[in-house]
Structure formats: structure tokens, C-alpha cells
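K.L.:
Chains as they are written, first to last, in our numbering: chain A, 1 to 200; chain B, 1 to 91.
In case anyone wonders, no lab produced these hints; they're calculated from the structure.
Just so we're clear, the structure is a prediction, and the values are computed from it rather than from any experiment.
Worth double-checking, as some hints may not be accurate.
Unchecked claim - Derived lysine-lysine pairs resembling DSS-like cross-links, with alpha carbons at most 25 Å apart:
no.: 1; chain 1: B; residue 1: 87; chain 2: A; residue 2: 168
no.: 2; chain 1: B; residue 1: 3; chain 2: A; residue 2: 168
no.: 3; chain 1: B; residue 1: 55; chain 2: A; residue 2: 168
no.: 4; chain 1: B; residue 1: 66; chain 2: A; residue 2: 171
no.: 5; chain 1: B; residue 1: 84; chain 2: A; residue 2: 54
no.: 6; chain 1: B; residue 1: 3; chain 2: A; residue 2: 80
no.: 7; chain 1: B; residue 1: 66; chain 2: B; residue 2: 55
no.: 8; chain 1: A; residue 1: 16; chain 2: B; residue 2: 68
no.: 9; chain 1: A; residue 1: 80; chain 2: B; residue 2: 91
no.: 10; chain 1: A; residue 1: 4; chain 2: B; residue 2: 3
no.: 11; chain 1: A; residue 1: 171; chain 2: B; residue 2: 84
no.: 12; chain 1: B; residue 1: 3; chain 2: B; residue 2: 45
no.: 13; chain 1: B; residue 1: 35; chain 2: A; residue 2: 168
no.: 14; chain 1: B; residue 1: 45; chain 2: A; residue 2: 80
no.: 15; chain 1: A; residue 1: 4; chain 2: B; residue 2: 61
no.: 16; chain 1: B; residue 1: 45; chain 2: B; residue 2: 35
no.: 17; chain 1: A; residue 1: 121; chain 2: A; residue 2: 4
no.: 18; chain 1: B; residue 1: 55; chain 2: B; residue 2: 84
no.: 19; chain 1: B; residue 1: 55; chain 2: A; residue 2: 109
no.: 20; chain 1: A; residue 1: 80; chain 2: B; residue 2: 35
no.: 21; chain 1: B; residue 1: 91; chain 2: B; residue 2: 66
no.: 22; chain 1: A; residue 1: 4; chain 2: B; residue 2: 87
no.: 23; chain 1: A; residue 1: 16; chain 2: B; residue 2: 91
no.: 24; chain 1: B; residue 1: 66; chain 2: A; residue 2: 121
no.: 25; chain 1: A; residue 1: 4; chain 2: A; residue 2: 168
no.: 26; chain 1: B; residue 1: 87; chain 2: B; residue 2: 45
no.: 27; chain 1: A; residue 1: 4; chain 2: B; residue 2: 91
no.: 28; chain 1: A; residue 1: 16; chain 2: B; residue 2: 35
Claimed, not checked - Now the in silico label distances, taken between C-beta atoms and shown as ranges:
no.: 29; chain 1: B; residue 1: 45; chain 2: A; residue 2: 182; range: 19 to 27 Å
no.: 30; chain 1: B; residue 1: 66; chain 2: A; residue 2: 6; range: 55 to 63 Å
no.: 31; chain 1: A; residue 1: 1; chain 2: B; residue 2: 12; range: 52 to 60 Å
no.: 32; chain 1: A; residue 1: 155; chain 2: B; residue 2: 8; range: 31 to 39 Å
Where is the CB? At the ideal position from N, CA and C, for every residue including glycine.
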Amino acid sequence: MIRKLINPFNYIAGAKSLLIGLAMIFITSLTGYYSNTFFPDILSVKTGVELTFKVSLLFNIVNWLSISLLLYIASLIFSKSSVRFIDLFGTQALARSPYLLAALLGFSKSINRLGEYFLWKYLSIGEPTDISSLEMTIAVVLLTLIVIISIWMITLMYNAFKVSSNIKGGKSVTIFIIVFILSIILSAFVNNLIFNTLHT
Amino acid sequence: MEKRLPVLCPSCDSQLRVSSLLCEHCNTTVTGFFKLPVLMRLDQKEQSFIIEFVKSSGSLKIMAEKLKLSYPTVRNMLDDLIDKIIKMDEK
Chain A
1 MIRKLINPFN YIAGAKSLLI GLAMIFITSL TGYYSNTFFP DILSVKTGVE
51 LTFKVSLLFN IVNWLSISLL LYIASLIFSK SSVRFIDLFG TQALARSPYL
101 LAALLGFSKS INRLGEYFLW KYLSIGEPTD ISSLEMTIAV VLLTLIVIIS
151 IWMITLMYNA FKVSSNIKGG KSVTIFIIVF ILSIILSAFV NNLIFNTLHT
Chain B
1 MEKRLPVLCP SCDSQLRVSS LLCEHCNTTV TGFFKLPVLM RLDQKEQSFI
51 IEFVKSSGSL KIMAEKLKLS YPTVRNMLDD LIDKIIKMDE K
């Protein structure tokens with residue numbers, strides 16, 4: 001069961017994973033739109049920001065395409081196997097599914113309240129805010145959950161890459177880390193352009 | 001009980017060779033030193049994979065359906081097997 005949760009790609013890939021993955025990206029964007037949670041790059045989760053559904057969806061599509069495209073190029077260069085476009089893009093789409101949970105967690109306002117509280121207390125920014133110990137505990141638990149969800153998503157993305165490209169061992173880890181960092185930069189840049197074009 | 005043909009030495013894990021062959025019909029025994037063919041040197045699981053692959057007309061898609069695995073997983077299994085056979089041939 002745990003193996004299937006961290007590496008479902010031994011059982012599902014190709015068109016099936018692409019369809020499910022795209023549906024999950026759509027649902028995540030819709031949920032994020034209503035919970036004011038968005039993903040400005042392939043890893044970051046921001047809460048408490050109101051965006052249009054179009055921007056929310058575009059951000060998620062850019063995040064998926066950024067890492068998929070770079071991993072596909074890396075696979076073509078470094079893999080001895082014949083890598084299929086649909087496997088890599090499909091499994092990467094499905095690997096982003098855990099962020100639906102992150103978007104759902106955004107419905108709780110505790111994280112924002114904690115952020116506002118720290119900003120006011122330590123940086124004197126914003127309105128004077130107080131937070132109860134219960135709310136602070138909830139916020140810490142939710143933040144921990146978001147970290148766990150992020151680790152789960154990265155594990156899925158790595159396993160998706162490994163199965164789709166058949167690159168193993170240290171080589172696959174090194175390629176993935178480099179591409180992951182480049183994808184963060186690329187997706188943040190493109191999403192920033194989208195934000196400035198569509199949201200101002 | 002189906003007996004498995006041992007391909008590796010149970011004592012030191014080296015590749016086993018054939019030293020005698022028997023005709024069940026007339027009880028003639030041939031002794032000598034024969035190298036096992038490549039396919040026989042693969043383990044049971046790998047041999048089954050190859051047989052299933054041939055039965056599937058060499059279609060990875062059909063293999064994936066039969067094994068209930070994804071296409072790239074089956075392709076990776078085949079690629080690993082090809083790698084192993086190439087290395088065996090080089091030895």
C-alpha cells in the first residue's frame with residue numbers, strides 16, 4: 001500500500017496518468033481558487049492571496065509543464081531507453097496530486113492568522129493581531145502537514161522520472177536535483193510574468 | 001513439485017556448467033564440458049519474462065496488460081534484461 005502511495009507509476013503511466021493528472025491539476029486549481037491557496041512555482045504554497053481561477057489554473061499548468069519539459073530533455077540526453085513523451089508528462093501530472101490536499105488545507109485561516117501575528121509582533125507590519133494558543137497549534141500542525149505533503153510530492157515526482165526514463169542510482173538523483181532547481185526558477189519566472197500580465 | 005534448473009553454484013554463486021547429459025530412452029550418458037546457452041543462464045523470472053514476451057508477439061503493451069504493470073515499467077524490465085544479456089555475451 002505504502003509502495004503504491006510513493007510509487008504508483010509501476011502500475012499507472014502513459015495516457016491514463018495524463019488524464020487523471022490533468023483532472024487533478026484542474027481540481028487543485030479550482031480548490032486553490034476557493035481556498036485562496038496558490039502555487040507560484042513547482043514547490044511553493046502560498047495562502048491568503050485572492051487570484052482569479054484562470055491565473056490559479058495557469059500557475060499549476062506552468063508548474064507541471066516546467067519540470068516535465070526539463071526532465072524530458074534530460075531523459076533524452078541521459079537515458080539509454082526510449083523515453084515516451086506521454087509517460088513523462090503523464091506521470092509528472094499525476095505526481096502533483098498531493099497538492100490538492102495543500103489547497104484544501106488553505107480553507108483554514110489559521111496559517112494566515114499566524115503569519116499576520118508574526119509580522120505584527122516581530123516586524124511591526126500590519127494591524128495588531130492576537131492569536132489563541134489553540135489557533136497557533138492548528139497553524140503549526142497544518143504547516144507540518146504542508147511540509148509532509150511537499151515531501152510526498154517530491155518523492156512522487158522523482159519516482160515518476162525514474163520509471164519514465166529508466167535512469168537509475170546516483171545519476172538519476174543528480175539529474176533530478178539539478179532539473180528540480182532549474183524548474184523552480186523557470187516556473188517562478190513564467191508565473192511571475194503571468195501574474196503581472198493577467199492580474200494587474 | 002516442479003524442479004528448477006540451478007544455474008548458479010549454491011556454494012560460491014559462480015555460473016554452473018553442464019558436465020553430463022542423459023538419454024532417458026536408452027540410458028546413454030554423455031559427459032563433457034558444456035557451457036549453458038544464454039537463455040538458460042538467466043534466472044527463472046527472467047526466462048518467464050522472455051517466454052511471455054514472445055507469446056505476446058513482442059508487444060510491451062500486451063505484456064503490461066498481462067503483468068498489470070505500467071508500460072514504462074515493463075520496458076525498463078526488458079531494457080535491464082537486454083543489458084544483462086549483452087554483458088553475458090561480452091564475458
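K.L.:
If a hint holds in the structure, say so; if it doesn't, say that too.
P.N.:
How the hints compare with the structure:
1. Note on residue 87 of chain B and residue 168 of chain A: the hinted pairing holds, with a Cα-Cα distance of about 18 Å set against a maximum of 25 Å.
2. At most 25 Å may separate the alpha-carbon atoms for a hinted pair to count; residue 3 of chain B and residue 168 of chain A exceed this at roughly 34 Å.
3. With a C-alpha separation of about 29 Å, the suggested pairing of residue 55 of chain B with residue 168 of chain A is violated against the 25 Å cut-off.
4. For the proposed pair residue 66 of chain B and residue 171 of chain A, the alpha carbon gap of about 31 Å is over 25 Å, so the pair is violated.
5. For a cut-off of 25 Å, the pair hint linking residue 84 of chain B to residue 54 of chain A is broken: about 50 Å separates their Cα positions.
6. The hinted pair formed by residue 3 of chain B and residue 80 of chain A fails the criterion: a straight-line CA distance of about 36 Å is larger than 25 Å.
7. Restraint check for residue 66 of chain B and residue 55 of chain B: the C-alpha separation of about 11 Å stays at or below 25 Å, so the hint holds.
8. About 14 Å separates the Cα atoms of residue 16 of chain A and residue 68 of chain B, which keeps this hinted pair within 25 Å; it holds.
9. A hinted pair counts as satisfied when its Cα atoms are at most 25 Å apart, and residue 80 of chain A with residue 91 of chain B qualifies at roughly 21 Å.
10. Taken as a hint, the residue 4 of chain A and residue 3 of chain B pair is broken in the structure, with Cα atoms around 33 Å apart against an allowance of 25 Å.
11. Distance hint between residue 171 of chain A and residue 84 of chain B is fulfilled; the C-alpha atoms sit about 19 Å from each other, no more than 25 Å.
12. Between the alpha carbons of residue 3 of chain B and residue 45 of chain B the distance comes to roughly 14 Å, so the proposed pair stays at or under 25 Å and holds.
13. Between residue 35 of chain B and residue 168 of chain A the alpha-carbon distance is near 32 Å, which puts this suggested pair outside the 25 Å criterion.
14. With a CA separation close to 23 Å, the supplied pair residue 45 of chain B and residue 80 of chain A stays within the 25 Å bound.
15. For the proposed pair residue 4 of chain A and residue 61 of chain B, the alpha carbon gap of about 21 Å is at most 25 Å, so the pair holds.
16. A distance of roughly 21 Å separates the Cα atoms of residue 45 of chain B and residue 35 of chain B; the hinted pair therefore holds under the 25 Å criterion.
17. Distance hint between residue 121 of chain A and residue 4 of chain A is unfulfilled; the C-alpha atoms sit about 44 Å from each other, more than 25 Å.
18. Taking the CA atoms of residue 55 of chain B and residue 84 of chain B, the gap is near 21 Å; set against the 25 Å cutoff, the hint holds.
19. This hinted pair does not check out: residue 55 of chain B and residue 109 of chain A have alpha carbons roughly 59 Å apart, beyond 25 Å.
20. Of the supplied pair hints, the one linking residue 80 of chain A and residue 35 of chain B is violated, its CA atoms being roughly 30 Å apart against a limit of 25 Å.
21. Between the alpha carbons of residue 91 of chain B and residue 66 of chain B the distance comes to roughly 33 Å, so the proposed pair goes past 25 Å and is violated.
22. Restraint check: the Cα-Cα separation between residue 4 of chain A and residue 87 of chain B comes to about 32 Å, which exceeds 25 Å; the hinted pair is violated.
23. Note on residue 16 of chain A and residue 91 of chain B: the hinted pairing is violated, with a Cα-Cα distance of about 41 Å set against a maximum of 25 Å.
24. Of the supplied pair hints, the one linking residue 66 of chain B and residue 121 of chain A is violated, its CA atoms being roughly 62 Å apart against a limit of 25 Å.
25. The suggested pairing of residue 4 of chain A with residue 168 of chain A holds, with an alpha-carbon distance near 19 Å, which does not exceed 25 Å.
26. This hinted pair checks out: residue 87 of chain B and residue 45 of chain B have alpha carbons roughly 18 Å apart, not beyond 25 Å.
27. The suggested pairing of residue 4 of chain A with residue 91 of chain B is violated, with an alpha-carbon distance near 38 Å, which exceeds 25 Å.
28. A hinted pair counts as satisfied when its Cα atoms are at most 25 Å apart, and residue 16 of chain A with residue 35 of chain B does not qualify at roughly 45 Å.
29. At about 38 Å, the CB distance of residue 45 of chain B to residue 182 of chain A disagrees with the hint of 19 to 27 Å.
30. Distance hint check for residue 66 of chain B and residue 6 of chain A: the Cβ-Cβ separation is about 25 Å, which falls outside the suggested range of 55 to 63 Å.
31. Under the hint 52 to 60 Å, the C-beta atoms of residue 1 of chain A and residue 12 of chain B, about 39 Å apart, miss the expected range.
32. The hint said 31 to 39 Å for the Cβ distance between residue 155 of chain A and residue 8 of chain B, and at roughly 35 Å that hint holds.
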